[in-house]
Amino acid sequence: MRTADIFQETYIVLSTNKARSSLTVLGIVIGISSVIAMISIGQGASGQIQSSIEGLGSNLLTIIPGVIQPGRGIVSSGRGSAQTLKNEDVEILKQIEGVSFISPEVQRRFQIVSSSGNNTNSLVIGAMPEYAMVRNVLPEQGSFISDSNIRSLSRVAVLGPTVAQDIFGEEDPIGKTVRVNKINFKVIGVLQAKGSAGFFNPDDTVFVPLSVMQKILTGEDYLSTIAVNVENKDLMPQVQEEAIFALSQKHRVDPQNPDFSVVSQAEISGALTQVVDTFTIFLASIAGISLVVGGIGIMNMMLTTVTERTKEIGLRKAIGAKRRDINLQFLAEAIILTFIGGFIGILLGALIAFIMSYFEIIQTSVSIFSVFLAFGVSAVIGIVFGYYPAQKASKLNPIDALRYE
Amino acid sequence: MKGIFSLVVIKCVIEVKDVAKTYKTGDVEFQALKGASFKIEDGEFVAIMGPSGSGKSTLMHILGCLDIPTSGTYFLDGKDVSMLNDDELADIRKDKIGFVFQAFNLLPRATVIRNVMLPLVYSGAKKEERLRRAEKVLEAVGLEEEHYYHLSNQLSGGQIQRVAIARALVNNPSLILADEPTGNLDSKTGDIVLHTFKKLNKEHKRTVVLITHEQDIANYADRIIHLKDGNIISDSKHHKK
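Line by line, the protein sequences are chains G and E.
Quick note on numbering: the first sequence equals residues 0 to 404 in numbering that gives the first Met the number 0.
Quick note on numbering: the second sequence equals residues 0 to 240 in numbering that gives the first Met the number 0.
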């Protein structure tokens, strides 16, 4: 039997059973398109988080008080719960070779109120001027906190764009006053929007001078974070090690078991990417289940077809078809069904992903990998679920098959 | 269709020796055929006749290489086919045997010409060759050309059976095996079909074996092999019709 003959036979059979064929194909279309869409959403989200984290500052080491419990992850660690980092630690870190900027920070949530009465509960960060360099923030209007603000304990604030929008709406906030914890602050700048980095939204923050934060707002001289910018990527592990050693000595603790943690940016993005990847796998598995259900649909249809065409199989065998010919013919039907389903499914899945991105519901990216995966999976489904019915057909005894009514 | 009009030597198409077939269902054995021996020569028109249960269907299956005998030997065209496996039997059926069934067994959603070409799909003939041969055999069975591209369900019973005969001929087989070919036809169309066989035998020198339970139909043949209870009870030349 020639390949062209197999295709022709398959075409005739599938086109004479249009309704049944298309319903069966629909099962595969739904499966494949949801797998493609889910993987695209996952990869899109993963890419978005990665770029957002890099946007928060590159070559960044973050030192936080307390110990990160293994397994609890970085995301959920309660920052600021332990009080082991102090202003003196910054001086120690400055002496490490390869460190370019250090940004000590204190973070706490406060109610922010404007004179017009609008209010929001946002993260207030006490920061040094280095914060802008380390964390890659730029003022959209006005300026960031300066050294003189720090020295003179100026009650000035720089607003993240979300806070500025929430409190002042369309008004120009520069020069206006906001009340943080019942103390008046003059707005000197508004930052550019950066977008959410997964679990932390840098746009929903208010910056005040570190000295003001410690002396006036919290009354404590502890730090909640020290962000260290390293000259280049290759120096990161070395600087991380030296920082642990130097701070352990200062705190008089065992470097193997310090009272603080040093987290590199790669670890944060790695952890977040892992979360997103797990989520992607989870979504794709659910979509995969529908693909299996689609495959069972194929098998069901093929079994019905074999039964219906028993007489035809008998005749084909009587006029000289071998087992292999019958097997190939029925397998080809199943595979072609899944391939049609796979092809339409990929288009539909890509369309869903495109619509998601277009209407800015969620960032997506359709990768060549997922397309090949989907095609591979549909071929495998065709073979796996078409195999048994085709075997059944090819093993029919021609005498019995011819007698079948 | 080469060689149809150029017969020189009369050769043995079928030689059956002590062929027996026993069916086993669990512990129960049933001997459907108890040792049949006969020869059919090229160009003969033979009817195998017997009531149901006489073993004629079993014999037909063995002659048609759809089944193999439990014991005995069967030479088809000088080749022992009694011990072949499934695929080898399929090859023999493809090259040497043309079947005509009582139930016609045409593909319902295919045109006449595609039905006739079907055996050539398995022999791997080229497309033009398939068409040429199909048209030639359809002409030989006397089907009007206007029906070639009709679906088989648009034809009458007699026409359908002639399409089936054309399909049996298209591979240029050594043997045409017809199993109750008029069983689903009224006597008038049955007559036309039987005359088609007769014409193929007389004019085109085809070897035809007709399996039937009716004496009237068997009378169309030149020789009748009579089966009863798995034994051949008579084998006689017949010259009336």
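I should point out that these hints are in silico values taken from the structure, not numbers from a laboratory.
Where hints are given, some of them may not hold.
[Claimed, not checked] Here are some chain G residues the structure puts well away from chain E; computed CB gaps all over 10 Å:
#1 Thr-15
#2 Gly-65
#3 Pro-128
#4 Asp-220
#5 Leu-314
#6 Arg-315
#7 Ala-317
#8 Ile-318
#9 Ser-366
[Said to hold, decoys possible] Taking CB as the label site, the calculated pair distances span:
#10 E:Asn-230 to G:Ser-14: 48 to 54 Å
#11 G:Val-291 to E:Asn-171: 31 to 37 Å
#12 G:Ile-382 to E:Asn-218: 34 to 40 Å
#13 E:Gly-182 to G:Leu-346: 30 to 36 Å
#14 E:Asn-171 to G:Gln-7: 20 to 26 Å
#15 G:Gln-7 to E:Gly-182: 31 to 37 Å
#16 E:Gly-141 to G:Arg-19: 34 to 40 Å
#17 E:Asn-230 to G:Arg-19: 24 to 30 Å
#18 G:Tyr-387 to E:Lys-201: 56 to 62 Å
#19 E:Asn-171 to G:Leu-25: 53 to 59 Å
#20 G:Leu-25 to E:Asp-85: 53 to 59 Å
#21 E:Val-27 to G:Leu-346: 26 to 32 Å
These numbers come from a predicted model, not from an experiment.
The beta-carbon is built from N, C-alpha and C at its ideal position, and this holds for glycine as well.
Going down the list of hints, with the structure as the test:
no.	hint	in the structure
1	Thr-15	violated (5 Å)
2	Gly-65	holds (75 Å)
3	Pro-128	holds (82 Å)
4	Asp-220	holds (89 Å)
5	Leu-314	violated (4 Å)
6	Arg-315	violated (7 Å)
7	Ala-317	violated (5 Å)
8	Ile-318	violated (4 Å)
9	Ser-366	holds (42 Å)
10	E:Asn-230 to G:Ser-14: 48 to 54 Å	holds (51 Å)
11	G:Val-291 to E:Asn-171: 31 to 37 Å	violated (49 Å)
12	G:Ile-382 to E:Asn-218: 34 to 40 Å	violated (55 Å)
13	E:Gly-182 to G:Leu-346: 30 to 36 Å	violated (53 Å)
14	E:Asn-171 to G:Gln-7: 20 to 26 Å	holds (23 Å)
15	G:Gln-7 to E:Gly-182: 31 to 37 Å	holds (32 Å)
16	E:Gly-141 to G:Arg-19: 34 to 40 Å	holds (38 Å)
17	E:Asn-230 to G:Arg-19: 24 to 30 Å	violated (50 Å)
18	G:Tyr-387 to E:Lys-201: 56 to 62 Å	violated (50 Å)
19	E:Asn-171 to G:Leu-25: 53 to 59 Å	violated (46 Å)
20	G:Leu-25 to E:Asp-85: 53 to 59 Å	violated (37 Å)
21	E:Val-27 to G:Leu-346: 26 to 32 Å	violated (60 Å)
This entry does not satisfy hints 1, 5, 6, 7, 8, 11, 12, 13, 17, 18, 19, 20, 21, going by the numbered hints stated previously.
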